[in-house]
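A.B. asks: Which chain is which? The protein sequence lines are D and G, in order. The first sequence begins at 1 in our numbering and counts up one residue at a time. The second sequence begins at 1 in our numbering and counts up one residue at a time.
No wet-lab data here; the hints were simulated from the structure. Treat the hints with care, as some may be off.
Stated by the list, open to error - DSS-like cross-link-like pairs, simulated, lysine-lysine; straight-line CA separation at most 25 angstroms:
#1 D:Lys139 with D:Lys173
#2 D:Lys173 with G:Lys360
#3 G:Lys395 with G:Lys411
#4 G:Lys46 with D:Lys173
#5 G:Lys347 with G:Lys46
#6 G:Lys30 with G:Lys360
What the hints assert, rightly or not - So, partial list: chain G residues that the calculated Cβ filter (under 10 angstroms) puts toward chain D:
#7 Ile41
#8 Val55
#9 Arg59
#10 His110
#11 His145
#12 Lys154
#13 Phe167
#14 Met177
#15 Tyr191
#16 Gln198
#17 Arg199
#18 Cys202
#19 Lys211
#20 Thr212
#21 Pro213
#22 Leu521
To be verified - Just a few of them, taken from the derived set where beta-carbon distance is under 10 angstroms, the chain D residues facing chain G:
#23 Pro57
#24 Tyr58
#25 Thr82
#26 Leu153
Computed from a prediction, not measured in an experiment: that's the story for all the values here. Cβ atoms here follow ideal geometry from the backbone N, Cα and C, with glycine treated the same way.
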Amino acid sequence: MKSGASHPRVSIVGLGNVLLGDDGFGCLVVEVFRCEYECNPEVEIIDLGTPGLDLTPYLHGKQLVVIVDAVTADGNPGTVRTYSESDLIDCRTQLRLTDHDPGLQESLAQLRLAGSAPSEIIVVGVIPQSCAFGEGISKPVLAATSPAVESILRLLRERGFECRKRRHPEQPKLWWIFDSTSTPGPARREPAAHVTGSR
Amino acid sequence: MTQRITIDPITRIEGHLRIDVEVDNGSVQKAWASCTMWRGIETILKGRDAREGWVFAQRFCGVCTTVHAMASVRAVEDALQLEIPANAQYIRNLILIAHGLHDHIVHFYHLSALDWVDITTIPNANPARAAALVDRVSNWTGNSHHELEAVQNKVKGLIASGQLGIFANGYWGHPAMRLSPEMNLILFAHYLQALEFQRKACQVVGILGGKTPHIQNLAVGGVMNAINLNSLATVNMDRLGMLQGLLQDLVPFVQQAYFADVCLLGASYPEWFRYGRGVANYLAVPDLPLDAKATQFDLPGGVITNGGLASIRPINDWKDQPIRAAVAEDLTHAWYVGGVQAPWKGKTDPNYTDFHEDGKYSWVKAPRYDGAPMQVGPLANILVGYASGHPLTRKWTDAAFTKISSVNGPKVAAADMQSTMGRYLARAIRSAMLSDLALKHWQLLTDNILKGDDTTFNPPQFPQHEVFGVGMHEAPRGTLSHWVVVDKGTFSNYQAVVPTTWNASPRDERGIPGPYESSLLGNPVADPEKPLEVLRTVHSFDPCMACACHTLDAKGRQIAEVKVL
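The shape of chain D in the complex, shown without the other chains:
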């Protein structure tokens, strides 16, 4: 940006549709991570939903991109695995990010040709139990939140990016989930605190 706003070198990206059950795992994890840990401004933490090719601007020129998403792979629901970029290419027939992987593959390929692909990209994936509409997140996948948050932390620290545990963790804004993160229940009916329209 023109006025010298800082350019984050690292993106922690949550992908998925929060309305499709376990598909919202990535969005959940990055929000929980953001609330528990504090990073320097070089690290951007963002829930991108299911952007398809609109992922491109967020990968552009980054040193490191960590993508958190549900992945289709063999294994038990709730299993957390990390994949490197070469895994993404080599295992394409076994591994597929749910529904929106063409956006990732194609965004990366375009950026590589344009000379602005990220230097390193890592996927923290969870194997979903069910990605059905309006069902909420399943127990095994919800339980995978902490391991996934730990994975992000480890990846950043291994590469020398500082992350501090917040002394006063923020309350995650999980407006799409149910009463709380620990007890999935019926859909919430009261307005979310951050959109009440009062200023």
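Given the coordinates of chain D, assemble chain G onto it according to the supplied hints.
C.D. replies: Chain G only, in chain D's frame:
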């Protein structure tokens, strides 16, 4: 010999589109459009606080997030008859303009250009000749001989590596690919440059919206942006300057590269002004309001029937009563329970039956306007503007016609716009208009703030009885409307009638097909195994499932299936 081609991608972005066509003697005789994914979003919104509907609505889709947020707040404001401050209109308008430019740039270059551009011929291009060719239509700075040569070298490297990656799936060498190597080089160079400019458009949305995708700054009653020229944390002169800089970078790319490229494409593929007309009823709603009361708009609305521009009935503002009475959704061929429903009484109860071409075959409902199917999108937008003598529409449409004939292209008139190529051209014309309007609305916002107005929000008051509202937005893919019933502050009903529903509509109770379906009739198909021409026409609508029409799924299986009938 009649052949049936089914194009049915399995795993694609945000919605799954299946197209079936029957081809006889190299030409499409019958077509069906089917959406194979169900969205029960409306069900999720019932019973929720009307002030937070937009937060959910913008997750309807991953790509068109902003537009649903906007239609949702406008629907509730309409129900409450709540005005929003002028600053809020301008801030929303700037977001919508930047989002629209982003969307149109990505559609042309990254989602559909490779239906027309054969990158495998680029190594044979003469970069000097390409630079001279494009100089005739454009003074864009990214067209130098050296720039084009550098792109050519990248493509040579890619092809030599044998790893075409995402570019491996194109219909390269298809007989319908007829651009010269030089034209392919020019368009592909801009394909790569477009990555940078779509990013700038995103930044505009991000600065005003707080985040993109999924803007955070909306509220029923206005926007949450605080305006204070003396504060670092709000909309101040520094932010406004940053926005102006981004817009000033973006405008030349749109007007000199994108607009000129589509004119060159139209000149090179003149026959595509004859295919793909389809439903010739057009609907566009007014957008980019210029005042708090939303009485004046920068984009005109109207209804055109049977392709006759003289038939136009203007829609002057969002309070228009006829449109509220005219829109209904026909469920005869959609996988839902029910017949024909007005949106405020609409239900979304699934009734899946598998694909029965004479029965139910799609998750898309069939919206009708006074009982007739309508085409929506940039073409409707441009035809309505052209028919009503809107100066900005006339300026850029006439500029496009002149440019096309200046490069030995066909003589195009407004009637020729009702075609596959016309939809591409209309999108480029609309983008050129939006870029003029981007700077205008930036100025309106800045002037209003400098005048001392810093209001951005009027608090909503919810009555203790049921109220009805409709939120309209002329989105990148066309007319979007959210229909809400609000009872004591919560939604008792919610229906979204989205652009792709109008265009991808299945048949209705009278058997009349929707725009995709009828646009494919008479469309040529040179090679049924590679139905490139079908993709061109479907992609010209910019289906929200644009990415759904690629030719391979994640496992590399060919997805165009051909059967002899």
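A.B. asks: Next step is simple, just say for each hint if it's right about the structure.
C.D. replies: To see whether the hints hold, each was checked on the structure:
no.: 1; hint: D:Lys139 with D:Lys173; in the structure: holds, 19 angstroms
no.: 2; hint: D:Lys173 with G:Lys360; in the structure: violated, 40 angstroms
no.: 3; hint: G:Lys395 with G:Lys411; in the structure: holds, 17 angstroms
no.: 4; hint: G:Lys46 with D:Lys173; in the structure: holds, 21 angstroms
no.: 5; hint: G:Lys347 with G:Lys46; in the structure: holds, 11 angstroms
no.: 6; hint: G:Lys30 with G:Lys360; in the structure: holds, 16 angstroms
no.: 7; hint: Ile41; in the structure: holds, 7 angstroms
no.: 8; hint: Val55; in the structure: holds, 5 angstroms
no.: 9; hint: Arg59; in the structure: holds, 5 angstroms
no.: 10; hint: His110; in the structure: holds, 5 angstroms
no.: 11; hint: His145; in the structure: violated, 19 angstroms
no.: 12; hint: Lys154; in the structure: holds, 6 angstroms
no.: 13; hint: Phe167; in the structure: holds, 7 angstroms
no.: 14; hint: Met177; in the structure: violated, 20 angstroms
no.: 15; hint: Tyr191; in the structure: holds, 8 angstroms
no.: 16; hint: Gln198; in the structure: holds, 7 angstroms
no.: 17; hint: Arg199; in the structure: holds, 4 angstroms
no.: 18; hint: Cys202; in the structure: holds, 5 angstroms
no.: 19; hint: Lys211; in the structure: holds, 7 angstroms
no.: 20; hint: Thr212; in the structure: holds, 9 angstroms
no.: 21; hint: Pro213; in the structure: holds, 5 angstroms
no.: 22; hint: Leu521; in the structure: violated, 29 angstroms
no.: 23; hint: Pro57; in the structure: holds, 4 angstroms
no.: 24; hint: Tyr58; in the structure: holds, 9 angstroms
no.: 25; hint: Thr82; in the structure: violated, 20 angstroms
no.: 26; hint: Leu153; in the structure: violated, 23 angstroms
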